[in-house]
Amino acid sequence: MSSDPILEIKGLNKSFGPVHVLHDVDFTVRAGEVTALVGDNGAGKSTLVKCIAGIYGHDSGTVTFQGNEVHIRGPKDAAQLGIEVVYQDLALADNLDIVQNMFLGRERGSRWMLDEAAMEKAARETLASLSVRTVKSVRTPVASLSGGQRQTVAIAKAVLWNSKVVLLDEPTAALGVAQTRQVLDLVRRLAEQGLGVVLISHNMADVFEVADRIATLYLGRMVAQVPTKEVTNTQVVELITAGRSGELGLARPDTVTI
Amino acid sequence: MTTLDGLPTAERRSLGARLLSANTFWIALVLLALIVVFSAIAPESFLTFFNFQQLFIETAVLLVIAVGMTFVIITGGIDLSVGSVLIFAGMISAKTMEWMSPGQDASNAGWGVITAGLVVAIAGGSLWGLINGLLVARANIPPLIVTLGTLGAALGVASLLNDGTNVRTVPLELRDSLGFGTLEGNIPNLVVVAVVITVIFGLVLHTTRFGRYTFAIGSNPEAARRAGIGVTRHLTNVYLLTGFLAGIAGFMSLAYFQSTTISGHTTDNLNAIAGVVMGGTSLFGGIGTILGTVIGVFIPAVLQKGFNIIGVQPYWQMIAVGAVLVAAVWFDQQRRRSQNKR
Ligand SMILES: Nc1ncnc2c1ncn2[C@@H]1O[C@H](COP(=O)(O)OP(=O)(O)O)[C@@H](O)[C@H]1O
Ligand SMILES: [Mg+2]
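So the protein sequences, as listed, match chains A and B. Read in order, the letters of the first sequence correspond to residues 1 to 258 in full-length UniProt numbering. Read in order, the letters of the second sequence correspond to residues 1 to 342 in full-length UniProt numbering.
Hints listed in this document are in silico derivations from the structure and should not be mistaken for laboratory results. Idealized CB from N, CA, C, for every residue including glycine. Treat the hints loosely; a few may be bogus.
One-sided and incomplete, this derived list gives chain B residues near chain A with beta-carbon spacing under 7 Å [what the hints assert, rightly or not]:
1) Ala223
2) Ile287
3) Pro314
To spell it out: a stretch of chain A is covered by chain B in this simulated footprint if at least three of its residues, at any positions, have a beta carbon under 8 Å from a beta carbon of chain B; those stretches are [as the list claims (entries may be wrong)]:
4) 102-113
5) 209-220
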């Protein structure tokens with residue numbers, strides 16, 4: 001399975017004041033594939049995702065989407081392209097219900113009279129198309145949902161729009177076994193529907209199960225982006241912790257300056 | 001657990017269920033109980049048309065302020081300045097009408113002058129609202145501090161405008177129309193205005209995008225930002241709206257009292273906040289209804305009227321309102337705690 005890149009990042013740099021978080025990062029997302037983005041805590045995974053989503057600007061580098069160079073200046077720009085993010089934190093408004101959350105910022109109907117019925121219907125259809133069956137009512141405030149259900153809603157929110165790329169930042173970090181199962185199935189289904197999926201995860205078993213490719217960030221550098229078939233669990237762990245593994249990764253670790 | 005597919009297609013439980021789970025339902029019962037009790041104790045004097053007419057008139061101005069306060073509190077903010085902004089709006093409006101009248105006596109001013117007065121009142125209120133909004137949303141100063149500052153500043157400027165005294169000439173035409181006039185002979189115009197404003201902004205809060213964003217920001221500003229909502233701009237507009245409504249309230253107060261009542265609105269802010277919070281709007285943001293605010297505003301008013309009629313010292317009203325207020329916030333906290341446990 002080797003489709004065309006739908007999203008390509010080249011030479012991306014990002015600093016927070018004096019802290020240089022991302023160094024010349026290259027990153028490719030392919031339609032119909034799950035690309036796992038792995039790396040130690042603080043490697044810059046969330047920052048990379050937020051740069052792509054337009055939450056943060058970047059200092060240099062290019063973003064190519066479906067073959068054209070694009071400039072993403074805010075969450076709206078990213079959404080317009082069809083890039084959706086499921087955040088690790090602070091993704092949903094607790095007091096709003098499932099429908100309100102799924103449509104937040106893109107409500108249907110006129111500005112003065114939102115079309116609640118249409119939104120409710122679309123929300124229910126999207127959940128059904130993702131085979132989500134654990135949510136009692138789409139009018140439940142998300143505060144009263146379990147962690148897995150919340151994550152499901154966040155993912156459903158992302159695919160409600162004609163999304164082409166979905167980035168998931170540790171969607172299973174806080175979940176139990178059964179709930180993780182559900183979310184991973186959902187992730188796989190998104191790729192099967194032709195979306196480009198990026199999955200950030202710390203769980204190697206999960207990564208090897210669902211990912212077609214694995215991209216490894218080490219101290220803000222992209223050290224390898226390889227098909228899952230061509231690497232072993234041990235190699236990926238080495239890439240994460242040392243930035244290199246045999247022929248893969250950084251040529252000489254001692255040249256790394258932090 | 002029911003499956004999603006097992007749901008009835010039209011899910012109309014939403015409003016009823018939301019009401020039941022909100023404090024609003026319970027506080028409505030409290031209001032109803034109060035009315036029943038007072039009516040039972042003093043049927044001849046409490047349960048009269050005149051009494052309720054008075055109740056509505058005396059609540060009209062506060063209701064308009066409380067509607068604005070509801071928006072602010074739903075965003076997780078607070079506005080202590082509304083009472084002072086009301087006075088400022090009334091003062092600058094009254095002064096404008098005097099300046100435009102021969103001999104600085106506005107008593108016999110016509111509709112042109114009165115309209116100018118209304119515009120100035122609204123502009124004055126909105127200006128303070130905008131200042132609050134910019135300081136809270138752009139400068140990121142806590143709303144409690146910002147509006148504590150403008151509470152003093154607006155009252156100070158209002159006092160400076162007339163050397164600390166009240167303006168005494170208010171157009172009689174204004175008094176007879178908005179102040180004391182009635183629709184069909186028995187519905188006071190003041191109440192009509194308050195009801196229209198309440199209904200309009202109730203719809204704005206509950207059916208429009210503006211309302212939805214207000215809830216979203218109060219619930220989780222970062223999620224709202226990531227959803228592409230202009231949080232800073234929206235917050236500014238919410239404080240602007242509250243100032244705008246305080247401006248209208250100032251004009252209504254001017255029409256009713258025929259005075260700028262400089263010392264008469266010092267606890268309006270707290271009364272409005274108490275009404276809003278008693279009505280089930282969460283001080284933590286993200287939850288609230290205009291209907292709840294209407295009920296919450298009427299509870300102190302009914303208590304006061306009722307105690308008055310049955311001869312209980314009015315001080316008991318303050319104690320009772322305080323108790324209901326604390327109980328309402330306690331309920332709110334319990335609800336949040338049980339939510340967070342999940
Ligand atoms: N808003 C920010 N301001 C300053 N530093 C930040 C900010 N966000 C992230 N960082 C820093 O950037 C680095 C990468 O963080 P992050 O992208 O969250 O890592 P990861 O998601 O891979 O664990 C960390 O050193 C973190 O402290
Ligand atoms: Mg992270």
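Evaluation of the provided hints:
Using the Cβ-Cβ criterion of 7 Å, the hint placing Ala223/B at the interface with chain A is satisfied: the shortest such distance is roughly 5 Å. Interface hint status for Ile287/B: upheld, as the beta-carbon distance to the closest one in chain A is roughly 5 Å, under 7 Å. Restraint check, Pro314/B versus chain A: the minimum CB separation of about 37 Å is more than 7 Å; hint violated. Counting residues of the region 102-113 of chain A whose beta carbon lies closer than 8 Å to any beta carbon of chain B gives 7, which meets the minimum of three for the stated coverage.
Counting residues of the region 209-220 of chain A whose CB falls under 8 Å from any CB of chain B gives 0; the rule of at least 3 is not met.
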